[in-house]
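Asker: These protein sequence lines map, in sequence, to chains A and B. According to my numbering, the first sequence is numbered sequentially starting from 11. According to my numbering, the second sequence is numbered sequentially starting from 11.
Fair warning: there could be bad hints in the mix.
Identical copies carry no separate label here, and so any pair may be met within one copy or between two of them.
Mimicking BS3-like on lysine-lysine, the simulated pairs with C-alpha atoms at most 30 angstroms apart in a straight line are [unchecked claim]:
id, residue 1, residue 2
1, Lys113, Lys268
2, Lys264, Lys18
3, Lys268, Lys162
4, Lys221, Lys264
5, Lys221, Lys256
6, Lys268, Lys256
7, Lys54, Lys264
8, Lys304, Lys123
9, Lys18, Lys195
10, Lys305, Lys264
11, Lys61, Lys264
12, Lys264, Lys12
13, Lys221, Lys186
14, Lys82, Lys283
15, Lys289, Lys256
16, Lys221, Lys89
17, Lys289, Lys17
18, Lys283, Lys195
19, Lys12, Lys289
20, Lys186, Lys305
Hints were generated in silico from the structure; no laboratory data involved.
There are 2 protein chains.
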Amino acid sequence: MKVEDIKKILIVGGGTMGQQTALICALHGYDVAMHDISMEILEKGFERLKKNCIRITASGEFTPEEGEAAIKRIILTDKPEIAAQDADLIIESVPEDPALKAKIFASFHELCKPETVFTTNTSTLVPSMFAHAVGRPEKFCAFHFHDIAITKIVDIMPHPGTDPETIALVREFAIKIGQIPIELKTENHGYVFNNMLMAFIGSALTLASRKVASVEDIDRSWMGVLHTPLGPFGMIDSIGIDTVWKVTDFWAQKRQDKHALGNAAFLREYVDKGDLGVKTGRGFYEYPAPAFAKKDFLTSGK
Amino acid sequence: MKVEDIKKILIVGGGTMGQQTALICALHGYDVAMHDISMEILEKGFERLKKNCIRITASGEFTPEEGEAAIKRIILTDKPEIAAQDADLIIESVPEDPALKAKIFASFHELCKPETVFTTNTSTLVPSMFAHAVGRPEKFCAFHFHDIAITKIVDIMPHPGTDPETIALVREFAIKIGQIPIELKTENHGYVFNNMLMAFIGSALTLASRKVASVEDIDRSWMGVLHTPLGPFGMIDSIGIDTVWKVTDFWAQKRQDKHALGNAAFLREYVDKGDLGVKTGRGFYEYPAPAFAKKDFLTSGK
């Protein structure tokens, strides 16, 4: 298959990432089928997708007419056989369970034509965990979006059995939908950006959980040297303390790393209190006017 | 001793950091003695210090008159007994050798009055490595500057025997000389910022040395998601590949960490070619117009 042959995209999973990828494909002229296990989930997701579309057209990147046309290119279906019809590329964004992903890909392998390319938008898993069940491992890779509101950076990552042509094709497709593809040559947990982010955040958490310095002083150091508007704890509040806890705890348990276990316990205290960051109005800082955003934050240490 | 009692600063070491700390103290009205083993070293350093002073007054932070007055407050001496006379605070920036630092502090302990506070501006060591030799361990801590041209962030770090009053005093002094003190509660390699930076740079190096992604794609990921002008390899070029190699190699050898050893070997290839980054005109990028600074860098992937 050539990139020009890709006409219809099947988005599996109607959650946040499914909505984002469906919208970005439709805005770039692709027909999109969104599939999930119930029409209720899909319709709820579609409402949010339409709001996102309005936000994007308001930013001026697309005209309101282009936005309306995009919405019309999206169909919703809870029937796998309808979803699979004529699909050229699947982008899967279902919950992060390897067994669930394996089952879904196996069933679409039966329903899709042989040329259809399968991709997973997993954040925390790697494709080799379920490549064996995909039925067409050579036509399968990871295609990972961060957050289309923040960045156009997308990761394209093979598992050991991916055909290089599949990578080349997904890469060309990424450019067609206006994204900036980062090509991984080999499978890697956390792709590129998330891998660096978690190393950086992990070291900040170790400093705080070991009480080497205060959360504010740690952020001040990063912001003050690099002249950036966010330090590591401002970033964690923005990502969600629960999300960072989940990833930190997963790796800490797996590696039985003393520092990482301490970091997970440190985060867990916030999670247990329901202080999850920006989304709950309180995390390491209080929102909507966090201390670090104030003009004198750098010089305001006691 | 109270912060008001501090009048004269003894800067030990006439290199880059000695010049920077001497200048910043003098600009804030302190008398400064700069000491090193030869007048030749001191005079060379003083020429660079005067150039830095012109740069700072040109930026408008100080008037040219304030700059001239500051220069007059600095004396140079290769005689320890003259350097030590009336010194209230020592800032030591000699080469990173614990035995050398121990010897220097021991000799100034004999020459200085009992109240004089001793600080080390070490980047890669920790004060407990030579606190035993200082003679007044309770009046000794780390006082670490990054680069006064880039940031006002300074670290203040105790060893287990530092009197909390010493920390409080150095902290007040840091504010008097216009810096932003970050107070460490416990000894920690790399202080706060450098600790996070090395974790972040280490993960970027591991991605590159394991050939997970290209240097450019790794920088692109960081810059594209966080909207910053520099990625990790742009930062390494700016710090100096030789410096990052030295620190990486030191810890890799010490911990016998497989990834870190691979990272050190990866950096070593550049060091051996003499490609040290911005200062040699070539590192991961070519200067003065590196690819990452070009407008289309994010979208210019092949």
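Asker: Which hints from the list above does the structure break, by number from lowest to highest?
Answerer: Structure breaks hints 1, 2, 3, 7, 8, 10, 11, 12, 14, 16, 17 and 19.
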